[in-house]
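Undergrad: The listed protein sequences correspond, in order, to chains A and B.
The first sequence stops at residue 434 when you use my numbering, and every number in between is there.
The second sequence stops at residue 434 when you use my numbering, and every number in between is there.
Check before you lean on any hint, since a few could be wrong.
Which copy is meant is left open, so a pair is good if it fits within one copy or across any two.
Here are the simulated DSSO-like pairs of lysine-lysine, each with C-alpha atoms no more than 27 Å apart in a straight line [claimed, not checked]:
#1 131 - 144
#2 144 - 182
#3 142 - 182
#4 23 - 144
#5 144 - 102
#6 144 - 63
#7 131 - 68
Treat the hints as calculated values from the structure; they're not laboratory data.
Here the structure is a predicted model, which means the values were calculated and not measured.
Single-letter residue listing:
Number of protein chains: 2
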Amino acid sequence: LKEGKKNHFQKTIDELQPYDIAKIYSSIPAKHRTRFLLFINVEQIADLIQELEKDLQFEALTKLGIEKSGQVMDLMDNDDLASLLEHLSKDKMEELLSGMKKEESKIVQDIMNYPPETAGRLMTNRFVWIKDHYTIRETVEKLKTFAEYSETINYLYVIDQNKHLVGVVSYRDIILANENEKIQDIMYSRVISVTADTDQEEVARLIERYDFLAIPVVDNGVLVGIVTVDDIIDVVISEATEDIEKLSASGKAIDFDTKAYVAAYRRLPWLILLLFIGIVSGTIISQFEETLSTVVALAFFMPMIAGMTGNTGTQSLAVVVRGLITREVDRKTAAQLIFRELKVGLIIGFICGILIALIALVWQGSAVLGLVVGSSLIMTLVIGTLAGTIIPLILYRLNVDPAIASGPLITTLNDIVSLFIYFGMATLFINQLM
Amino acid sequence: LKEGKKNHFQKTIDELQPYDIAKIYSSIPAKHRTRFLLFINVEQIADLIQELEKDLQFEALTKLGIEKSGQVMDLMDNDDLASLLEHLSKDKMEELLSGMKKEESKIVQDIMNYPPETAGRLMTNRFVWIKDHYTIRETVEKLKTFAEYSETINYLYVIDQNKHLVGVVSYRDIILANENEKIQDIMYSRVISVTADTDQEEVARLIERYDFLAIPVVDNGVLVGIVTVDDIIDVVISEATEDIEKLSASGKAIDFDTKAYVAAYRRLPWLILLLFIGIVSGTIISQFEETLSTVVALAFFMPMIAGMTGNTGTQSLAVVVRGLITREVDRKTAAQLIFRELKVGLIIGFICGILIALIALVWQGSAVLGLVVGSSLIMTLVIGTLAGTIIPLILYRLNVDPAIASGPLITTLNDIVSLFIYFGMATLFINQLM
Numbered sequence: 001l002k003e004g005k006k007n008h009f010q011k012t013i014d015e016l017q018p019y020d021i022a023k024i025y026s027s028i029p030a031k032h033r034t035r036f037l038l039f040i041n042v043e044q045i046a047d048l049i050q051e052l053e054k055d056l057q058f059e060a061l062t063k064l065g066i067e068k069s070g071q072v073m074d075l076m077d078n079d080d081l082a083s084l085l086e087h088l089s090k091d092k093m094e095e096l097l098s099g100m101k102k103e104e105s106k107i108v109q110d111i112m113n114y115p116p117e118t119a120g121r122l123m124t125n126r127f128v129w130i131k132d133h134y135t136i137r138e139t140v141e142k143l144k145t146f147a148e149y150s151e152t153i154n155y156l157y158v159i160d161q162n163k164h165l166v167g168v169v170s171y172r173d174i175i176l177a178n179e180n181e182k183i184q185d186i187m188y189s190r191v192i193s194v195t196a197d198t199d200q201e202e203v204a205r206l207i208e209r210y211d212f213l214a215i216p217v218v219d220n221g222v223l224v225g226i227v228t229v230d231d232i233i234d235v236v237i238s239e240a241t242e243d244i245e246k247l248s249a250s251g252k253a254i255d256f257d258t259k260a261y262v263a264a265y266r267r268l269p270w271l272i273l274l275l276f277i278g279i280v281s282g283t284i285i286s287q288f289e290e291t292l293s294t295v296v297a298l299a300f301f302m303p304m305i306a307g308m309t310g311n312t313g314t315q316s317l318a319v320v321v322r323g324l325i326t327r328e329v330d331r332k333t334a335a336q337l338i339f340r341e342l343k344v345g346l347i348i349g350f351i352c353g354i355l356i357a358l359i360a361l362v363w364q365g366s367a368v369l370g371l372v373v374g375s376s377l378i379m380t381l382v383i384g385t386l387a388g389t390i391i392p393l394i395l396y397r398l399n400v401d402p403a404i405a406s407g408p409l410i411t412t413l414n415d416i417v418s419l420f421i422y423f424g425m426a427t428l429f430i431n432q433l434m
Numbered sequence: 001l002k003e004g005k006k007n008h009f010q011k012t013i014d015e016l017q018p019y020d021i022a023k024i025y026s027s028i029p030a031k032h033r034t035r036f037l038l039f040i041n042v043e044q045i046a047d048l049i050q051e052l053e054k055d056l057q058f059e060a061l062t063k064l065g066i067e068k069s070g071q072v073m074d075l076m077d078n079d080d081l082a083s084l085l086e087h088l089s090k091d092k093m094e095e096l097l098s099g100m101k102k103e104e105s106k107i108v109q110d111i112m113n114y115p116p117e118t119a120g121r122l123m124t125n126r127f128v129w130i131k132d133h134y135t136i137r138e139t140v141e142k143l144k145t146f147a148e149y150s151e152t153i154n155y156l157y158v159i160d161q162n163k164h165l166v167g168v169v170s171y172r173d174i175i176l177a178n179e180n181e182k183i184q185d186i187m188y189s190r191v192i193s194v195t196a197d198t199d200q201e202e203v204a205r206l207i208e209r210y211d212f213l214a215i216p217v218v219d220n221g222v223l224v225g226i227v228t229v230d231d232i233i234d235v236v237i238s239e240a241t242e243d244i245e246k247l248s249a250s251g252k253a254i255d256f257d258t259k260a261y262v263a264a265y266r267r268l269p270w271l272i273l274l275l276f277i278g279i280v281s282g283t284i285i286s287q288f289e290e291t292l293s294t295v296v297a298l299a300f301f302m303p304m305i306a307g308m309t310g311n312t313g314t315q316s317l318a319v320v321v322r323g324l325i326t327r328e329v330d331r332k333t334a335a336q337l338i339f340r341e342l343k344v345g346l347i348i349g350f351i352c353g354i355l356i357a358l359i360a361l362v363w364q365g366s367a368v369l370g371l372v373v374g375s376s377l378i379m380t381l382v383i384g385t386l387a388g389t390i391i392p393l394i395l396y397r398l399n400v401d402p403a404i405a406s407g408p409l410i411t412t413l414n415d416i417v418s419l420f421i422y423f424g425m426a427t428l429f430i431n432q433l434m
């Protein structure tokens, strides 16, 4: 198929979605890819490149040569192009940008100047704006002229003579209106917009809340771009993945294709940190060596107490981190949440504490041991729950990502606290325990 | 505002987004809500109700009385209505359905018959279909007639005389085409569709992959509904939340508003399970009581070894669970992944093992203790990594949600294994350790 019959090949390609074309492209041997690129037109190459993995994107752009890659890059969505180029060295990037039209390369460079994870990085300028005094007929004419420039979303944004965003109409509104009606009479004028430096999570929250397909980005009232829902789905997925990475301290951006040594390198910092915190736990235990060697049975309950305290902290942490995704938290909500978790800690503390006290009594035949283990567990569970709630809230307050108080950190902190409480209680009752 | 001036009030409401109306409605005292509902029309009530919390939804429907609530429910999106009604008792549900138009209530009941988390549950019938032999002019006329029936997405689905889905056109295509062109000549005919029983994660994957705004649902080729991107964002968010809930065993559906005893009740099963697994760990340690009482220093390294093994398992687990969201895994990918994680386990095992051996040597002044601790850590880290990879893959293979092999389960399993290895090694070298 990919050898001779150019016509037949092109007809097949024309009917496929970009994702599928990219899949075929990735699967053919590298030496045939140059021919593949010769067989399709620049619009198709632009669509194809946007769907490829990063390394194949560069390969393809290099294969094309400066001039043609410039043409292709002119056609790519600016936000996608910006996120591709930012991974290149400065020289390579400037070389590629030199092949583009001046105004297009300027836009891409502007996008790259916005901080990461903001609306500015996600926005595209491939949208059609119309003026508020246009009639429907004028609008349709403008649409026919600029058809290829618009991402396929449903909205047209309306600006006044100062380029200020004043309204929005949908393609459907245009179809349903009469030819001579004016845009300003049919547009919806209470447009919700963001600025270029709005955090991408906030943009996602607005789009999710209002079920928008896109949201306009303004700079001092002037419309500068739009963020579309497909970018937002990617944001939602990557933010959730980041939360999970942080909560489980599993290392940044490890997927199925990551090389073993890279994955190990990304996970090691956490593990070495844990190792040293483990030494701290060890030092605490060594302080209680006498207690422990007197009542060796104390060691039996160590993993249980540490494990449960660690887990209860993670449970609270997960609730707070996920809750912050869809809700803002003020002082009042924070206080309510802490009070709620205090109650949760007390309930689960008393139930688990009494349960383990009974088990310890039956298993080791010592009421005092039961009392020590049970009362320690009540205290550590309450403290664990509160730590898992308060620490991420403080981080949130300080504008630090609360998920960074990740699972293992909270777990290990709780480990240390629980060892102190447990061995402290045991030392207190050491005479009764013997 | 909400008291007297009905006209002014209505004008304000008309300009607000449903989400904001819902926020105002929720914030006013319950006794004023009835009056609020009287002041706005049924379309607005329908939009409002879709944005409310579950309990306020029922409250509002009850306030309206059977007849008016029926009118409102006729106007609601069928998928939203279905997910509201499924939480009611059978009697209450039938009472509410009785106020609706026959054909509308039938559709809602049909939706509720699909299994949860499938395309059938998410789809709406509020879309406009057109026939392939329509001209653009006929299409526009049909659109004008059915304007209020369509969700505001960009696509029109095209069916043939047998109601089979044969193509799709966008509103933009309609605007750009000539009045006399036929739909079948401008439509895109390689439509990607799903069936009503397609899993919602698969639907989300397709919409994300192809950047669609909606995807059609077919039953034996016949178009029965569409799933829109706003529902998919909700799916992506709730699936990610579920993953986090399972990975951290934080209990189902606990948010900031959950009552303390409900939250405690949802978390307790995990904690009690952990408690009993903790007893198992304790029993293992008690088997090695002699070893432990001979060399109490062994206890110092217990939390570190268990903690690190648990965490390395969670790291692998998180990679597998998140990877499965965007990728299907076949036998070959699984084998590659396991091999990769084996290598990762070996790398981090040797680095951390040698490090802790040196620390143990310096701290406790015993080369044998260093050897025991270090070699145990190497083994437990390799096993922990593999367990965190293989267990979720097996569950995936068995069509069980892999996230259910949740953090604490993998952690605790690794706890037990690591205790066995550690004390086993120690017992082996007990003469040298003394």
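Undergrad: Would you mind marking each hint as holding or not holding in the structure?
TA: Consistency of the hints with the structure:
no., hint, result
1, 131 - 144, "both (15 Å within a copy, 24 Å between copies)"
2, 144 - 182, "both (18 Å within a copy, 18 Å between copies)"
3, 142 - 182, "both (14 Å within a copy, 23 Å between copies)"
4, 23 - 144, "neither (32 Å within a copy, 40 Å between copies)"
5, 144 - 102, "within (25 Å within a copy, 43 Å between copies)"
6, 144 - 63, "neither (34 Å within a copy, 50 Å between copies)"
7, 131 - 68, "neither (34 Å within a copy, 41 Å between copies)"
Hints 4, 6 and 7 from the earlier list are contradicted by this structure; the remaining hints agree with it.
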